[in-house]
Amino acid sequence: MFGISLTEFSRKILGLNLRNITFIRRLNPNKYKKYADDKLLTKRVLGKKKIKTPELYKIIRSKEQISYINWGALPKSFVIKPNRGTHGSGIIVFYGKKKGKLEWIMPNMETMNVEAIKQHIGDIIDGKYSIDGKQDVAFFEERVSNHQVLRPYAYRGIPDIRVIVYNSFPIMAELRLPTRESRGTANLHAGGIGVGIDIGSGVTTTAIHRKGFDLIGDRYDLIEETLDEPRMTLRGIKIPYWEKVLELSVRSQQISKLGLVGVDVVIDKEKGPMILELNARPGLAIQLANQEGLLERITQVQRFKKSKTVEKYVAIARNLFGGEIEEQVENLTGREIIGLIERVTLTPTPAVLEDLIKRKKKGVVPPKETAKCKVDTGALKSAIDYNLAVALGYSELIAIQHVITKRYHSLEEAHTVREEYDQKVAKKEFATIRDFVVVKSTNGYTVRAVIEAQITLGSVTKTYKLNVSDRSDLLYPVIIGRNDLREFLIDPTRVFTMRQQ
Amino acid sequence: MVLLPDVPAIVLNLPIILTIIAVSRYVIGFKAWKNYPVLALSLAYYLFFQLLESTWVALLFWALFVIIIIGSAITTRFLIRRLKINYYARIAVMYLIATIAALFAIAVIGNTSLGTLVTDPLFGIAIFLVGTAIDELATLLFKKDLQEFLRRLISTVGISLLSGLIITWAWWNGVITVHHEILVVVLIADLIVAFWTAIRFTELIRFSSIIKNQR
Chain P
1 MFGISLTEFS RKILGLNLRN ITFIRRLNPN KYKKYADDKL LTKRVLGKKK
51 IKTPELYKII RSKEQISYIN WGALPKSFVI KPNRGTHGSG IIVFYGKKKG
101 KLEWIMPNME TMNVEAIKQH IGDIIDGKYS IDGKQDVAFF EERVSNHQVL
151 RPYAYRGIPD IRVIVYNSFP IMAELRLPTR ESRGTANLHA GGIGVGIDIG
201 SGVTTTAIHR KGFDLIGDRY DLIEETLDEP RMTLRGIKIP YWEKVLELSV
251 RSQQISKLGL VGVDVVIDKE KGPMILELNA RPGLAIQLAN QEGLLERITQ
301 VQRFKKSKTV EKYVAIARNL FGGEIEEQVE NLTGREIIGL IERVTLTPTP
351 AVLEDLIKRK KKGVVPPKET AKCKVDTGAL KSAIDYNLAV ALGYSELIAI
401 QHVITKRYHS LEEAHTVREE YDQKVAKKEF ATIRDFVVVK STNGYTVRAV
451 IEAQITLGSV TKTYKLNVSD RSDLLYPVII GRNDLREFLI DPTRVFTMRQ
501 Q
Chain L
1 MVLLPDVPAI VLNLPIILTI IAVSRYVIGF KAWKNYPVLA LSLAYYLFFQ
51 LLESTWVALL FWALFVIIII GSAITTRFLI RRLKINYYAR IAVMYLIATI
101 AALFAIAVIG NTSLGTLVTD PLFGIAIFLV GTAIDELATL LFKKDLQEFL
151 RRLISTVGIS LLSGLIITWA WWNGVITVHH EILVVVLIAD LIVAFWTAIR
201 FTELIRFSSI IKNQR
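Heads up: the protein sequence lines correspond to chains P and L, in order.
The first sequence begins at 1 in this note's numbering and counts up by one.
The second sequence begins at 1 in this note's numbering and counts up by one.
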């Protein structure tokens with residue numbers, strides 16, 4: 001049916017019926033579900049075992065207590081949550097506060113004043129968002145600060161990582177990213193992005209986003225990039241603190257005594273991984289994000305005996321389900337693996353800075369630029385766009401712009417110009433230009449200035465010799481050629497692998 | 001074999017409706033929004049059918065009152081969502097507007113050739129039943145996002161209509177009112193669905209890409 005084998009389907013994919021009857025009913029007894037359904041209890045229980053959760057500011061148990069809130073004492077950013085809410089309903093994140101007013105700003109840039117917040121808290125207490133429709137409790141919680149690795153991918157919200165843990169084995173994981181459509185929430189049903197994570201390496205794989213309009217429901221399209229500008233490739237993101245994320249997830253599952261649980265982890269830029277909440281009925285779209293079936297993985301871990309330590313469970317899972325081997329390759333070769341397109345940071349060399357200071361005769365802020373870079377194994381040498389070089393402080397290029405942007409019809413003419421400027425370099429007339437070269441292209445010949453700049457690609461910072469040319473009509477302002485790729489191994493299937501250190 | 005005296009078909013069909021809900025959810029994968037709205041709307045259709053004795057006319061009246069009552073309730077709930085009023089008071093306002101809308105429709109029907117219909121108690125009960133589904137269906141809009149709301153609403157209304165058509169099927173009613181032991185068969189069906197762990201039909205569509213991409 002639909003071109004697939006039902007047997008294969010039933011062997012690999014965990015459906016809702018099987019999840020509910022075989023796993024949740026048997027492995028998640030009602031008496032332990034409270035550790036997941038009651039967020040405040042989750043915090044308390046995990047906190048006792050020294051597992052970090054976002055800081056709790058205040059609990060509101062009744063409408064009378066709303067009038068006792070000291071609004072002026074609230075921090076600029078915080079989160080309001082219903083204690084027994086599900087699927088993210090009722091959660092409001094405030095990013096900042098309007099100056100001089102008691103109004104807080106949400107991820108969609110709308111604001112809420114005290115009256116509106118009071119109304120929302122009242123709705124929470126009335127049970128509007130609670131799992132069973134009964135009266136609930138509202139609480140104020142710390143807003144996590146995005147880790148710099150994940151921040152570029154998250155539209156005005158906090159991404160989280162969902163790890164499915166089955167009997168102490170972390171079997172599948174997903175990075176959930178907020179988008180403009182989801183109004184800054186990492187909720188896939190609301191339009192957030194789900195990105196599968198390779199358990200072994202902690203590197204993202206495939207990404208999904210909900211279909212436009214879908215009568216069947218819970219269906220997703222595979223996507224390659226984020227949906228909001230700037231577009232970022234979703235494959236190849238290395239999740240920070242990955243080992244710790246897995247260990248915390250396993251420990252949380254063990255503490256909760258639930259056999260199959262979804263652990264939501266956030267990574268704070270200061271505090272590292274923290275447990276956001278536990279889910280006793282984890283959703284199954286994670287299979288789509290990973291393009292793998294949960295049932296197949298559950299079957300694989302069932303043959304293992306109980307281990308004594310959390311580390312052992314994590315190690316077994318990483319070995320079983322790790323598809324990427326980059327860390328091993330990097331360790332063996334001493335080279336970092338990069339993709340075809342990366343982001344690099346450029347800074348001028350000390351000589352250029354000195355020149356800048358001399359000319360400006362007063363305090364200079366060292367220029368620093370970030371740019372998209374093409375890793376071009378077809379080119380021998382590296383190159384930089386003229387405008388980017390000028391922005392970095394190589395202002396001597398301005399005076400010779402007419403030379404380096406001109407197309408020469410004959411090689412002899414280009415060489416004549418090159419020799420003329422090479423002599424000026426030899427006479428030290430240029431402080432920041434090292435050389436001139438002639439380059440042949442389809443439109444003729446160009447004379448290019450060669451400068452030196454420091455480029456940081458991944459963890460490698462070194463000085464590159466760069467040919468300056470007009471690349472304003474090209475996609476990438478920087479290209480790195482073969483001569484400068486000795487520290488790297490290139491994976492042609494990937495882009496934006498490296499995050500800036 | 002007749003086990004009981006002539007039990008009204010409406011009572012005997014209650015478990016049938018709930019079995020239809022269970023099968024549509026666990027076997028097919030369409031989720032209605034809770035049991036009560038489906039029961040109420042199915043029984044409303046049943047009553048319209050009893051009054052009008054025509055599938056299509058009953059369907060027309062049923063659809064009219066579902067759209068008017070549920071539609072006005074949902075619209076009201078949506079419009080007053082930003083007002084700073086208590087939760088239960090909002091529900092009360094919703095019911096009020098829906099009732100006014102229903103009364104308007106009744107007034108219009110009262111002035112037509114079908115005017116005597118509006119005085120029949122069954123008519124009033126049918127409208128009452130539709131009205132009792134307001135709370136759940138209007139709440140749906142705020143519990144789920146818009147797409148999920150539309151899916152659940154369509155499923156609820158669709159399953160209600162299917163159930164209504166089955167329980168008004170003359171042949172079926174002839175069988176169940178005579179052979180009450182059919183309820184044992186229904187019980188067996190319920191137990192099968194209760195322990196049904198196979199993939200739902202909609203999941204075959206939902207997850208098929210995983211199997212195809214692994215080839």
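What the hints contain is simulated information worked out from the structure, not anything from laboratory work.
Glycine included, every Cβ here is placed at the ideal spot set by N, Cα and C.
Please note: incorrect hints may appear among the correct ones.
What the hints assert, rightly or not - Which bits of chain L does chain P cover? Going by a derived footprint, with three or more residues having C-beta under 8 Å, they are:
1. 85-92
2. 166-177
What the hints assert, rightly or not - BS3-like mimics (lysine-lysine), calculated; alpha carbons at most 27 Å apart, straight line:
3. 31/L - 211/P
4. 34/L - 12/P
5. 48/P - 211/P
6. 31/L - 34/P
What the hints assert, rightly or not - Beyond 12 Å from chain L on every Cβ pair, some chain P residues (computed):
7. 14
8. 20
9. 23
10. 220
11. 221
12. 231
13. 274
14. 296
15. 349
16. 354
17. 415
Checked hints:
no. : hint         : verdict
1   : 85-92        : holds (count 3)
2   : 166-177      : violated (count 0)
3   : 31/L - 211/P : holds, 18 Å
4   : 34/L - 12/P  : violated, 30 Å
5   : 48/P - 211/P : violated, 42 Å
6   : 31/L - 34/P  : holds, 25 Å
7   : 14           : violated, 9 Å
8   : 20           : violated, 8 Å
9   : 23           : violated, 10 Å
10  : 220          : violated, 9 Å
11  : 221          : violated, 9 Å
12  : 231          : holds, 23 Å
13  : 274          : holds, 27 Å
14  : 296          : violated, 10 Å
15  : 349          : holds, 48 Å
16  : 354          : holds, 56 Å
17  : 415          : holds, 55 Å
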